[in-house]
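Novice: As they're listed, the protein sequences go chains X and C.
Sequential numbering from 28 applies to the first sequence in the numbering used here.
Sequential numbering from 14 applies to the second sequence in the numbering used here.
One or more of the hints may lead you astray.
Derived SDA-like pairs (lysine to any residue); straight-line CA-CA distance at most 20 angstroms [to be verified]:
| no. | chain 1 | residue 1 | chain 2 | residue 2 |
| --- | --- | --- | --- | --- |
| 1 | X | Lys200 | C | Asp213 |
| 2 | X | Lys273 | C | Lys285 |
| 3 | X | Lys200 | C | Asp333 |
Worth flagging that the hints you see were computed from the coordinates, not collected in a lab.
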Amino acid sequence: MPLRIPAALLLLSLVTTACDQQPGEPGDRTPPNDPVELPVIGLGAVNDRFTSEIAVLDNTGYTGTWSRRNNIPGNAVKIWDLEPAVPVLLDSILVEGAGTVGDLQISDDRSLLVVANEYDPNGAITIFSLADPRSPQPIIRFSTPEIARGVHTVKLARQAGRLYAFLSINPTKQAAAHLVIVDITSPGQPQQIFAAAMGNPYVHDVFVRDGLLFTALWHDGLTVWDIGGGGRGGSPSAPVALGNVKTVNGHVHNVYWYHNQRTGEKRYLFIGEEQVANPSAGDIHVVDAADFTKMKEVAVYHRPRYGTHNFAVDESRGILYAAYYEAGVRALDITGNLHSCGAIERTADGRCDLLLMHREVGYALNDRLVKIWGVALNDSHLFASDMQFGIWKIDNAALRQNR
Amino acid sequence: MNQRTWMRGAAVTVVLLLPANARAQHAHTPSADIGVDWGVHAIGLLTHATPALAGRDLTEAYLTQPNIFLHLNALENRVSFTGTLNLEGLTLERGELNAGTWGEGYIDRRHPHTYLHEAVLSAGQNLAGTGLSVSAGRGFAPFGTDDPMVRPFVKFPANHHLAQVLERLVLIGAVRRGPVLFEAGVFNGSEPLGPHDLGDLDRFADSWAARLTATPVAGLELQVSHARVRSPEVPTGGGLDQAKWSLSARYEDEAVYALVEWARTGELRASKELYALPSVLGEAAYRYGLWRLAVRAERTRRTEDERTHSNFRSPWPHTDGHVFGFTDWQIYSASVGRTLPTGGLRTMPFIEVSHQRPEPHTRPTLFDPEELYGSSRLWSLNLGIRIGAGLSHARMGRYGVAAH
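Could you put the whole structure together from the sequences, leaning on the hints where they help?
Specialist: Okay, here's the thing in structure tokens:
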């Protein structure tokens, strides 16, 4: 009787699910639906250079550039008017001395734009004033012997009232990869306050929140550091390690520590695994970080044949948007319990599989020949930077309504 | 070629040629029974690439492959030393135009070799018709085919990093019996970081290779080899590993040389293959009197990497999981040269023409040959002269009983 096996699996699934889900855990999750396609509104085209990361401030966008294209270096920051259906290029600022400006970030007080500069020996950060967001003005180009090796990514965070830039420094022939922390509270007078070798072989990116520093260390996994919020006496000039987790496949590229705005829960880390080939590969790994000394990977989002890159999170609605290179943008529901699931929702090694759990709630640019590097949000739209084509404006209203 | 490189090239030429013509020969010290052979070799080269980049042509001149060879043997050849000093670090600092080649931070320009290209000491013994040897030093791992420097073409094939593993700290054992030769060795997986690189002792023996060679009839050599190379492109470790295979058939007599090879490198993470780079190459040369004609055809897949301050360079070591495309290169080459009677020097002026056809292996890709080069059909015209004296390095990459 062929129906007996599926029926038995269904029964087993129901029993297992019932056993796994703990009463009293956050249950704010929206019932699953089929993922919706998010309509593309317009493309702001960039043909002269390869586009890299994107940052958005209201209706102004900033995109970096990468590598070389048309014999032109990726040394430009593009400024965009995001109000029209088709993003309009307002300006293109050449960053002096840079070969690539792959990453950039806006400070929490909306006053500064900080741009990472590669390559060795011309590594630096360039700090721009956003007094007029549509016309960033350079304040300073800052470098030290460590920073000169090349700044791959930059993240900004405030701790105890001071603003810091966290720089992931490339390995070179002479030196291993380093994390460098720069105090940019006085942006015209940056001070390097910390530098340490870390990563195997890279420290690729960091995430900073509530006085905790999360470092993406490639095959060394992810380490959480107290820099003032961990109760272990750490500070930005003397971080104290709290714990480390190795995720499946390594290649720990980036991380986001999700704070559920509805429940206050701060349990999950979302870790991007990057294995860039063509097409790309690499999953989104979910780590249970309820205890930083006992972190454990509990779930994964795997999209066959494709790999992820950078994230943006709509915390108020519990949606993680992931740049997915050739697979466009994927939107995941990250609310509720991600570490419990039925037997048929697990991977072979026992992790919950967010795809099988119907956690994918939306997607965009799925059927186009894209190479999506980054994603960013403002109050009304989703934006995706495409290495090949420029900047896409996407209607994500379907995921903003009723959530 | 800038002024500094010209001056370096001229100085290297003088250093190579003056003493070579006077002294580079075989010396013998009867009391110690030590044989000493040494020689020099270099190629003066003018390369015209069209298009080279963005629809533009480039014409450049080089002193390429400037080598000083040294071979010592003692105790009736039971102990020997093979050394090659390569001076390309002085003459090819920015690399040699060579569309399709890549590696060690160079793309479409062949990178300079390390100064210490080979320095290998071998000890061997013949026991009941079986030759045994142990070799140690810096040189080639027992994998693949001969170095392109000892083959007919001045331009390297695109498969160089797929078909040879060189400039490593090696320890190799070899056994030869009758027509069969077996070599196995360990070495450091890390590729050189520049001409001054002397190898990484910390990573010695993290990689291995083995090669089986048979000579069923005179002149014909069949070879199969395998190598497992740990993190070659990230010196501190943690990069992708490689599983390499090479199969070849080689024939050589006084008039004819021919080689057919297949090579494949799989890039691995935790023993799982992420992608593979295959290559097929055939080349042949024919000597007719003082003339030499040669042809080569190759199809090789390469990765496309991020490019830095120059379209010809990539970050080295890499800064990321760097591959953003694959390209299949079809390259067809022909060469004609004529040996000139010039006393103690070996001189051969030559003309070499190459045609390259790069095509993306997968789409979409950020690497579009039309966009980068201005065409998907590239040409390279080369005029040069090979100059050598004294010891000639006929085969490169085998030591001890494997070199006999």
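Novice: Just to be careful, I want the Cα atoms of X:Lys200 and C:Asp213 compared with a cutoff of 20 angstroms; is the pair within it?
Specialist: 12 angstroms, holds
Novice: Are the Cα positions of X:Lys273 and C:Lys285 separated by 20 angstroms at most?
Specialist: Holds - the C-alpha atoms of C:Lys285 and X:Lys273 are around 18 angstroms apart, at most 20 angstroms.
Novice: Verify the proposed pairing of X:Lys200 with C:Asp333, using a straight-line Cα cut of 20 angstroms.
Specialist: The hint holds at about 15 angstroms.
The structure meets every hint from the earlier list without exception.
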